[in-house]
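Trainee: Chains as they are written, first to last, in the numbering used here: chain A, 1 to 675; chain B, 1 to 675; chain C, 1 to 675.
Treat each hint with caution, since some may be false.
If several chains are the same, the list does not tell them apart, and a pair holds so long as it fits within one copy or across any two.
[As the list claims (entries may be wrong)] Cut-off 30 Å, straight-line C-alpha distance, at most; resulting in silico cross-link-like pairs (DSS-like, lysine-lysine):
| # | residue 1 | residue 2 |
| --- | --- | --- |
| 1 | Lys104 | Lys90 |
| 2 | Lys297 | Lys257 |
| 3 | Lys168 | Lys90 |
| 4 | Lys469 | Lys660 |
I should point out that these hints are in silico values taken from the structure, not numbers from a laboratory.
Source: prediction; values computed, not measured.
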Amino acid sequence: MPKSFKRMLYGGDYNPEQWPEDIWSEDMRLFKKAEINSVTINVFSWVRIQPSENEYCFEELDKIIHMLSEANFDIVLATSTASLPAWMVKRYPDVTRTDFEGRKYKFGGRHNFCPNSLTYQKYSVKIAEKLAERYASNSHITCWHICNEYHGECYCENCEKAFRVWLKDKYKTINDLNRAWNMSFWGHTLQDWDEIVVPNALSEHFEPRYTFFSGMSLDYKRFNSEGLMNNYIGERDAVRRYVPDALITTNLMGTYKPLDYFKWAKEMDIVSWDNYPSYDTPVSEVAMNHDLMRGLKSGKPFMLMEQTPSQQNWQPYNSLKRPGKMRAQSFQAVAHGADTVQFFQLRRSQGACEKFHGAVIEHAGHEHTRVFRETEALGRDLKKLGDTLIDSTIEARVGILFDWDTWWALEYTSGPHEDLTYLPQIQRYYDALYKKHIPVDIVGMDDDFERYDLLIAPVLYMIKGKIDKKLENFVAKGGRFITTFMSGIVDETDNVILGGYPGKLRDLLGIWVEEIDALLPDHANTIVPIDGTFLRDAVYQCNMLCDIIHLEKAEAIALYGEDFYKGMPVLTKNKYKEGTAYYIGSNAEQKLIDELIVHVCKDKGISSLAEVPEFVEVSCRTKNNNKYYFIINHLNESVEVSLPFVGYKDLLTDKITLEKEMLKPFDVKILVDHS
Amino acid sequence: MPKSFKRMLYGGDYNPEQWPEDIWSEDMRLFKKAEINSVTINVFSWVRIQPSENEYCFEELDKIIHMLSEANFDIVLATSTASLPAWMVKRYPDVTRTDFEGRKYKFGGRHNFCPNSLTYQKYSVKIAEKLAERYASNSHITCWHICNEYHGECYCENCEKAFRVWLKDKYKTINDLNRAWNMSFWGHTLQDWDEIVVPNALSEHFEPRYTFFSGMSLDYKRFNSEGLMNNYIGERDAVRRYVPDALITTNLMGTYKPLDYFKWAKEMDIVSWDNYPSYDTPVSEVAMNHDLMRGLKSGKPFMLMEQTPSQQNWQPYNSLKRPGKMRAQSFQAVAHGADTVQFFQLRRSQGACEKFHGAVIEHAGHEHTRVFRETEALGRDLKKLGDTLIDSTIEARVGILFDWDTWWALEYTSGPHEDLTYLPQIQRYYDALYKKHIPVDIVGMDDDFERYDLLIAPVLYMIKGKIDKKLENFVAKGGRFITTFMSGIVDETDNVILGGYPGKLRDLLGIWVEEIDALLPDHANTIVPIDGTFLRDAVYQCNMLCDIIHLEKAEAIALYGEDFYKGMPVLTKNKYKEGTAYYIGSNAEQKLIDELIVHVCKDKGISSLAEVPEFVEVSCRTKNNNKYYFIINHLNESVEVSLPFVGYKDLLTDKITLEKEMLKPFDVKILVDHS
Amino acid sequence: MPKSFKRMLYGGDYNPEQWPEDIWSEDMRLFKKAEINSVTINVFSWVRIQPSENEYCFEELDKIIHMLSEANFDIVLATSTASLPAWMVKRYPDVTRTDFEGRKYKFGGRHNFCPNSLTYQKYSVKIAEKLAERYASNSHITCWHICNEYHGECYCENCEKAFRVWLKDKYKTINDLNRAWNMSFWGHTLQDWDEIVVPNALSEHFEPRYTFFSGMSLDYKRFNSEGLMNNYIGERDAVRRYVPDALITTNLMGTYKPLDYFKWAKEMDIVSWDNYPSYDTPVSEVAMNHDLMRGLKSGKPFMLMEQTPSQQNWQPYNSLKRPGKMRAQSFQAVAHGADTVQFFQLRRSQGACEKFHGAVIEHAGHEHTRVFRETEALGRDLKKLGDTLIDSTIEARVGILFDWDTWWALEYTSGPHEDLTYLPQIQRYYDALYKKHIPVDIVGMDDDFERYDLLIAPVLYMIKGKIDKKLENFVAKGGRFITTFMSGIVDETDNVILGGYPGKLRDLLGIWVEEIDALLPDHANTIVPIDGTFLRDAVYQCNMLCDIIHLEKAEAIALYGEDFYKGMPVLTKNKYKEGTAYYIGSNAEQKLIDELIVHVCKDKGISSLAEVPEFVEVSCRTKNNNKYYFIINHLNESVEVSLPFVGYKDLLTDKITLEKEMLKPFDVKILVDHS
């Protein structure tokens, strides 16, 4: 099996087991009508295919797979292990979780298994194996989908025991663990591995965000992410044993905090993810999530495994997607690297909690609905594209560093300011680039930094391993680097790097931060530029945190305008060998960030793809030296734009691009130079 | 014992066991002075009359009953089982509850017993029996009051086991249960009754309102309501064995969600209830509650078992009732069908959590208080009325359908809009009628629909049994029917009726709802009438949900003014045989509802009792062809009104009604044509 | 050991065990540089000095104490028992707590022991004994510090059993207990001590503030405070056995609700406390806390055991203390009676939850920081003062009564108004005096009332023992007394004093309160003075609660301006023998309180220390007939003042006070008449 697709997959989750068989043939007709070519099955069918401990029952699934194969669908086959069979819960209570409050769960929900339950491990691997063995030879199975949306945390006694083993592996001696967690603080020094308890509401936490010992809580995050990943690996390897060339994935969830997806992605053949923006999610946030998903495997295309064709059910307010919006969102995914467009779900459930979640086939049961018509039209678009974009990539000269350890640690800090969270800081820098239509990669700590001309690391709170050296090398060779307040503070055990902030970044940045002031929510300071070369206003606002900065080798670009540190540097620039490192010592207003980014990009010759308004998204995928420009109007109104692609052909309409183009509401163009 | 009263009961809860006996005779004097003629006793005395497992001790109660009988009070005798004796909790821990979070309770509070505890069942029935046996022959006992304010839910293991039995009785086979709950969704299919767990925070719920499997949660509501009702029935039957003609009740609590009072009322000889409006409860909401209580037994008079003579203690802010307000509230109850006016409580507790709750005899201990004087004045009023109003009824041509199953299911939905709740929708239609002084009944699903000319069913989300046929018959014979968005969606297991909304009401309403849009809280659409025959404004606001409606047989009365469904119908009218069915596809502003109701009433010749401002309540009780008109000024200021009852006599003052009447603050008149 | 200090202690918490030994000598150098003369050690070192059940290990502590002794530091030696060793938790799970929700804790945090655990009692006493035995002869140990910040509550089974014993001791018979708790209410009458359960979320509480049986909950508060106090006493007595003249304390926390510090203080040689104002704590609130701490031992000097030199970590927003502010706060403590200025902490932790908490030695690790420089400057100030102020006292003619029982009971009430809390009411009267620079004592119920000319008792809800008689005697002899609404209501079991509010204060106040109205949050009434002798405005606002007052012997000073009790008294004055008692029947606006206080003070010849703006604090300590006036500018800006201390010398600068003095931001003067 090649590790990419022959055509753009179009389809989604299908649960025929919820329906009588006489509906299945109608489903086939409707899927074909909508140009659907792929179906995801068996996601929650464990109890159907293994109705008791030593009984397997594949008749129904055989029938479904046969039907789909006959009709030439690309099948995404799930392993069904995301929801425990009731008999397993009853017979082996160790399979359910204990929550942060210490409450042992009975039965219910999904993604409800303890990752360290030996029972779960045994039977989840076994069912994956059975499936792989049975369907190994079916060439319609395009992708294997392990479990579903791995999720959450467990705090049971099994996890506690497994945590001790994990820690012993990591630290070897209890004294090294005591040092890593700074356990002499408050006299928590441990003398025996068995004295370790899981960090939750009954031990070191007073609520999920606040812990007395962040080193311990941080290790539990790592342990838990790894535990679930091992569940994934167990099943993956079981499939691989029977299907060596299988394309294997599990669906991720964007900026999902509990799981370190950079580690997960290394174990996955292809990244897939579920995109469920809220009614008020900005389009640039969706774009950032797509780029993060692409970044997990250093730029490889990914699968848009789930999105809703119309409304969701679990938001407080589940608006319908306006006509055209679902299409624009689908192409936004493709524009950022998706090679599939898949829905949850193809036919709406009749009962239970997702019955008000949209589907290609609504409760009305037929094709005469707006939602079906839009799905069908999109199907025709994608069919027209064929395999043109498959395996194409995105070229970015700017990278934003993203790190789960930093995210976890930053949000475990007690002080200095509880409003400081990780994602909004990342998003602010992403937005500055997004608005200017400058392609950007989200970059992990293990990635090659030297592919980029500009690296941005907002609140790089934790310096793991030799990241400081890696950054120094990057800048030394001419790179531009931007970082901010609350960077360089701690090592990977969340112990402060002593001697003065920003710790190991001090040399690179050429500054010493003596103190970090925290402003009340409605307080602000100002930023006053020293000269106006690129900061055009006389003064900018800043708030939240204010570093009190002493220049060591850096020069000041702007100074504080208020308070007892008025006149001290807030924005600095340090020439470091061939490159330059910038430091923003406070939470500056967006305009300053925008202007700084534009300036640094210009300085390095990094340019916009097009000069159009910010709500018109422009991006580019490249394949065989062809560049495919995506133009997406995210507004529900028409807008006239001048594009630098005059004469290019629109792959969707075959029209030639003019000097002025009128974009309709939610309009999409994919332009290529056909000359 | 006849099933009604000889006089209007006036009195309330009395707890002499909290006081030394030398105070009792002072109580008797004060009760007589206030014209109190009825006393409720023994509500929380279980531990006093059964101080240990095999010891009964009636001396004190004998003395109290003797004293009250001698003084010719009508005694309401409670069975005392609402609060567990401490010894029982200590000896039989199964009697206490386990809560939604899975926490087992120790001892404390009240209404604190597990309905499925065999211990509780045994001893509650036994004490009721002992009381009935002992006091069967006392003719002063006018009413038997089982337990008190049945309340809450239990999730213990006994309940879990009982739930399984209840489900097996209902569904017979596990497959039928799987179908009813749609358990194939998320692979929850059960194979054995013992795999069922109670739906709470440790299983299918993530908070009380949100469940993964609404069918299961809905059945638990039914099971729990029935379980507590069986506690009631057990005691009721015990009393009946010794007192065959007893008038038996338990005090209900208005729109109390956990208990399906329509089912309960069938088991009660008379409905009684406790009226505790908050400081900000609108008077029309109180009126609706009274009408609901009357509706539970299809219009029979009820008891106002509890209200406070002055302030409450458990509100955040416990304002004093302004002078005259308690009297107005008391007569409001009578105006809606009450044959008693009873207080909690006659003498204020000295300690514990209700010591700041008002009482006829305050902590000062004497009659020289405003509260006592108002109680006394009301006593004289009621004495003057004698038995005039006893057993009189209320004639309404309009009914509003009310259904606990719909309430539960609607508020378990995940999507489309979390702000949608049942009671405010009911209240909006009630208010439209209330403001116009048009009598209305609250009607249960088992009631006779054909008594009415107009039936209103806001958000009739669930269609149980053959309600659709019953409604069709009603309209076919000339009835007017009004319903709204989110109606006709599901069957009684909360599974969607497939084929298109509003499901089984589609034929009656002549429409197909393709999609249901959910608007954000601060968003709105508009409603534009097609012609101005009864909607007088050019445009109305609507919000929350917007149905996208296709006309099948209906005609449009008004269209959406905004968004992509602008110009599509929002308000429709369908002639169905002799009658007409209206559908309101969005949450319209109150004015539109008011105008629609006025129009439909006029159309059917349903008229107001009087043309007076809306804060002057007008209602009417009828007996032996006499009509008694209640005029209640709910404002704390004077207002002049013109009543259509010129020449009628006021039963309270014997004055004759003039062309113009000045109503004092909180004034009350009961007018009858004495010509 | 004398019971006071030879010099003003300056220093704070030091945790060398968190650091390698090579840092210790640098610490010594830096402490000396900052003029630090005292170090608190061993606060959380239990596991280090007792690494297992039968192993004690003092080498490290010996070394630390030797080093500090050699360098002539005053050592504050803690007993280390505030944080359980992990081995103890693992071996004896009874040492951990069960919380209000009934959840048993595992291991973690601090102040985490069950006060009734026999294991904890045994080992905490034993380690204190070991320490005392070992270091008894070290003359550098100036103070013994038992445990740390005693804290919180436990609800475990051991506590339940101990509670029963405590109650039996208190009430002797179960019937007396039933009466005290009014258990006949809701039929909770107990027949056996073993039927008692701890009052928490699984019994009589529905949340921490709301209880069904306040008498029981109140007793649990007393029991818990006493239980922790017995832990303190156990260790204290152990130290005393070896060090008979030890000065023994534990650090309190100001207005900390769970512990009745008036009872604790009787067991302490000197009060010490930890002052951690929030970013928005008014300076007058800090002042009140200092005065409360001084009041605990009837005016004796206290220790400021902890404050941060710069920022905190556990606030939502941890602002830096502006330059000069830490010094002003330190002298504010001294001005109110502190004989020490101590910090938490001397060197910042590298890890765990307090790593962002300020310290004298910051993470930078050297003396070249603003924080160090300010610490050093303050050290020089204090060195200059020497022992001048040691043991000096404060003379106040005004006292404000403060009582933990009243605080607990008032905030357990169900009704009449949930916004009524104790501390803000105390603070309002304190502020009236603070603004006028009139010295005030916070006075406990056992203190001598006759030391004062004016006693103020806001919301004196509970009348314990013979407090009514004590107040009558005070007024009878010419005292002025001011009290308010919600006073005199209950006895010490929280049962209402029958016969009319304000109960036993009725004779003293000469009024009867018939009813207590509760206003909604945005509602108000007005107060209209009868004559304008001291209330200068025509009308004042009041809100929350409005007593409906009947004059018995008192005269009205002001009347309600609105509502049905318009024209009835709200502010009254009763001449009682030689004195006068005032009653304020509603929550009056601050201006009225200010004017009343000024009037009453003037009337008794109580005058301001100085006429300066309210943000310039003025107070006075007296020793050997010398008066030391503290002038503290709490603003971060300069202000010119005229002080009545012309010619006095400033102890800090040796300058002579002029007619006009310009106070710098956060400036401090200590003036004494040197003529």
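Trainee: State for each hint whether it applies.
Mentor: Against the structure, the hints come out as follows:
| no. | hint | in the structure |
| --- | --- | --- |
| 1 | Lys104 x Lys90 | both (13 Å within a copy, 21 Å between copies) |
| 2 | Lys297 x Lys257 | within (18 Å within a copy, 52 Å between copies) |
| 3 | Lys168 x Lys90 | between (33 Å within a copy, 18 Å between copies) |
| 4 | Lys469 x Lys660 | neither (49 Å within a copy, 60 Å between copies) |
Violated hint for the displayed structure: number 4, the only one.
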